[in-house]
Amino acid sequence: MTIPARFTEPADTTVEAPPKAKRKAAVRREVGRSIPRLESHAKVDGSAEYIYHLRLPGMLQGKICRSTVPHGRIVRIDASAALAIEGVHAVITGEDIRTLIPDPYYGPAFHDQPILAIGKVRYVGEPVAVVLAADLHVAEEAADQVVVEYEPLEPVFDEVAATKPGAPIIHDSLRPAGMFPDLQYLKGRSGTNVALDARVLHGDVEKGFAEADQVFENVFRSRKVVHATFEPTVSLAELNGSNGLTIHTSSQSPSYVRAEVSRLLGWPENRVRVRTAFLGGSFGAKLYIKLEALVAACALLVRKPVRIGLTMEEEFYTITKHGATVRIKTGMAKDGRIVAREVETWWNGGAYADIGPRVSQKSGFTAAGPYDIENVSLINYAVYTNDPPAGALRGFGISQIVWAYECQNDIIARSLGIDPLEFRRRNILHDGRPHATGTIMTNAEIDEVLDRLSDRMHWDVLFDHGSGPVRRGRGLAIGFKACIAPTTSVAVVNVYGDGSCCVSCSTVDMGQGSDTAMAQIAAETLGISTETVRVIHPDTDVTPYDMATLGSRSTYHMGNAVRLAAEDARAQLLRIAAATLQTDIEELEYRDGAVISRSGARMTMRGLMLARFGMQAGTVIGMGTFTPPYTKPDPRTGQSPQITPYWMLAGAAAEIEVDTETGRIRVTKLVNVGDVGCAINPAIAKRQLNGAGTMQLGFTLFEEMRFNEGQVINASLADYKIPGMLDVPEDLSAELVEFPHEHGPFGAKGVGETGMFSVSPAIANALCDAIGVRIMELPLTPERVLRAIRESENRPLESE
Amino acid sequence: MRTFEFFAVKDSHDAVAVLAKHSVSSKVRVIAGGTDLLAELKFSPQSPNVVVDISRAEDLKSITLTDDGLSIGAVVTHSQIMQSPIIREMFPALANAAHVIGAVQTRNLGTLGGNLVTAVPSMDGGPTLMALEAIISIAGPDGRRQVPLNEFFVGPRKTVLKADELLAEIIIPRRNLGKPTHFLKFGLRKGQALALVNAAASFWVDWEKHTFVAPRIALGAVAPKVIRALQAEAYLEGREITPEAMAEAGRIAIGDAKPISDFRASAGYRRNLVGVLTKRALEGAYALAQAKR
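Line by line, the protein sequences are chains A and B. With this note's numbering, letter number 277 in the first sequence gets 277, and the count goes up by one each step, no holes. To convert, take the position in the second sequence, counting from 1, and add 800; that gives this note's numbering.
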């Protein structure tokens, strides 16, 4: 492994970078191995735990009665017919919740979302009441019998229209939550649907446009899509002793759930226990509060365990990806250099902000792309509409943004007659140069990403575009993301009397392989084999605080915390041995459950335990806390010397066939390149890239939530199709760009979202390469493509 | 899901007897593979009181050549059709159509008879059989009656079957055995997606004159039921086989179709697909005819 020479001096950080020479020489036994996932067997034989399967003794099942109007006042809720059904235990409404929680509004950005609607509904599908019954079928039937009368209010669905004067106002006033440090700049507002307008100003964009030789301006749109996790969202709550509550939940953020439910109840955090298991996928759908506050309130009101598990249809009414409208204006110099870029983005956040402001701000500040541009202006509006709430979806908005700038870059390159790859090479932001936020780029291997794309696509070789009705094209795109900051992860590594060890951390293994990665990091540090490490699943009574499993942050943040915890445990063991053997710690090494000194002395675990505890039993607990540094951006200009702990660079390239008679795109080759630092587990890292690439392929080619007056009309997997095995390109591959990040655990960065970023524009650019047709709205369904083809031939397809 | 009485019958006579007994006073449904009916049992408010399971009916299980033609029993599954040597030899289009229905699990349980009885306009089992002028043999209290497939469908999810009747056999007439036929489906993704449009084309070739003989074109998902493109067929009858004629037949078939707009596609887009799929199905059938010559 080679270390790139161009590392700039390390930023000020709480973690010291190991000396480069040492990293280069390091021989690793566990990290860097493509170890099969530790839980594979349990997932195949069915013994792996999922909360969706959990049933508690005496439990009631809840069925949510949902709003049928997109915007309206609740005039009356009549539950008498539902209560008359045999087996119905209770019907709970927002007013009932208020008897327990006087101010039942939650949310990570704003306290805007009621546990059940109070006085008003803001989207079709909003929870209005819950029917509780021991038999789920009874609850389902009764939920249909709850009569809710609404006085309709004018709705607004379009994210741009919602910002115009005179648009219906969805929330009378907004209260910032104040929980996360990166959202502390949010202000209380009223009389607007714009929850946040975040700006980044760099250079002088007006001057840049004035001096540009040519200016391009386009609008790109992406529609709402849904996470479609195989395990739907589920939470159960039960009373725990006389004054506590246990919540079992399919959550990516157990620590947050504990804090937010405690806040709602007015309880100290130690009375709320939150535990998770494996998640059957999540992708951002199971963050913050989803059903947890509702089951907690229900369980406390009826004093019985309560389970609410959503159906796939209900997932469409719970959380979605943001639709976005992106206006992008770019000034070009004659030599093919971008001199100015202005991006204005409207994010359709739906009825409740959820984490929308973070999506808007975090993705928004990267909206000029990984390019070196002197003059930049980025404006992002987080907008309320009467659609279902939008939140995080594997990338926090990045793919919507990359869709805009990478399509436009291709438009510009073609217009100027510059090869698209060469166009990007001329403009990329090299290490050591300031990003639009003022943060200096470091450890960002964008050159290498482009080189790999070029190699894998044989970009220099003449490409056959085909003839007849099926034409061929190829395209590429690059994108990047700044990992979220500031956040904290805490881990505990517990070495037992026999030398075996457990890692306690609140990272949720939701299919990404974090259990295996954390075990590898602990095993590498402790000199034991990964397969012997056990990772304890999140349980806030046991596992320490973690911000959440999101944003590709776990490998880097929790990985560092686990490494530090394992180092702490190892240091304690070495200190015991050093005292016993009366040698310097530097003389000692801990490996395979024993301490060995350079002089050949050896202390087994039995000896270490005897020395420390006086018997052959005991425990050595190491702890690690990791919080990378961060400087808040200036709220007016978005400038910060330290906006992120690391940048995630991505590139994708596609070869496609397009049937010009039907508009069908067939992706024949898809290459996904990710800058991952050093992969802890290369096979899992590649699967992350391929999995994300396939997911984004669905968002590119056919996934789209369809609405009629706020009602989702394709809310099922029968009508909303995600990619199946047959849709995966025959030639699908992932490439890891591996240069160790100086502060990553063993050089690693996050990779969970990377494969999403560039796929859509790569395919749209390939479409343009094939037939010269440019489509600016996702998804690229056969109909949309055929319409664009016919449009370009001046023989438009009739609409009906 | 409500409770119901369940009868598992050993043959079609048994089935007809149970139907006769219960269909007057109860809502009776027949179950074979259950891939459609189970969804209905779960979600429909009008669930049946009596369910008759014919999946074990011995006399409905086989694919056989008879004096009438090729007989396919009502409970033959899609997987069995895909694997049947007779069908693969004589009607690869039928095997191909079976292959694009649902997923492996659906094809292992679901039956061709059930696909027809459900009578959704986008069914993949229908167009090929329609192009081959299949006859449906119906078992009822008065014995068997035969109905041509294009008269079997009445509308969306409606057939001529009476409450006391059972689809027993699907018969491809002797005159059409081995007739070159091609089936195409266009869905939003490759597997497990409803057809936006599907099409089958079938014709004999007069090799001396190089003309279409008895051309038959059937279209799915473009009308309340699977339809024949009669104007396009009339145009092709006796006409010389050329790419232009096939393209023109596609254009004419658009006039035979009455598709609707829904969230999957607009009517305008579906009409375009009718033209393209008809042309390509004709091309496919012709390629098969040449290969068989």
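Source of the hints: derived by calculation from the structure; they are not laboratory data. None of these values were measured; they are calculated from a predicted model. Check before you lean on any hint, since a few could be wrong.
[Unchecked claim] Over 10 Å on every C-beta distance to chain A, these chain B residues come out as not near it, computed from the model: (1) Ala817; (2) Ala820; (3) Ile831; (4) Ser847; (5) Val851; (6) Thr864; (7) Thr866; (8) Asp942; (9) Gln946; (10) Val954; (11) Arg989; (12) Glu1008; (13) Glu1040; (14) Ala1045; (15) Leu1073.
[As the list claims (entries may be wrong)] Pulled a few chain A residues facing chain B out of the computed Cβ check, cut under 8 Å: (16) Thr93; (17) Val160; (18) Ile440; (19) Thr442; (20) Glu661; (21) Thr662; (22) Phe702; (23) Arg706; (24) Ile713; (25) Asn714; (26) Lys721; (27) Pro723; (28) Gly724; (29) Glu730; (30) Leu797.
Think of the CB as a built atom: it goes at the ideal place given N, C-alpha and C, for glycine as much as any other residue.
Taking the hints in turn, this is what the structure says about them:
no. : hint    : in the structure
1   : Ala817  : holds (33 Å)
2   : Ala820  : holds (32 Å)
3   : Ile831  : holds (20 Å)
4   : Ser847  : holds (12 Å)
5   : Val851  : holds (18 Å)
6   : Thr864  : holds (33 Å)
7   : Thr866  : holds (36 Å)
8   : Asp942  : holds (39 Å)
9   : Gln946  : holds (34 Å)
10  : Val954  : holds (24 Å)
11  : Arg989  : violated (5 Å)
12  : Glu1008 : holds (30 Å)
13  : Glu1040 : holds (23 Å)
14  : Ala1045 : holds (17 Å)
15  : Leu1073 : violated (6 Å)
16  : Thr93   : violated (25 Å)
17  : Val160  : violated (23 Å)
18  : Ile440  : violated (44 Å)
19  : Thr442  : violated (41 Å)
20  : Glu661  : holds (5 Å)
21  : Thr662  : holds (6 Å)
22  : Phe702  : holds (5 Å)
23  : Arg706  : holds (4 Å)
24  : Ile713  : holds (5 Å)
25  : Asn714  : holds (5 Å)
26  : Lys721  : holds (5 Å)
27  : Pro723  : holds (7 Å)
28  : Gly724  : holds (5 Å)
29  : Glu730  : violated (12 Å)
30  : Leu797  : holds (5 Å)
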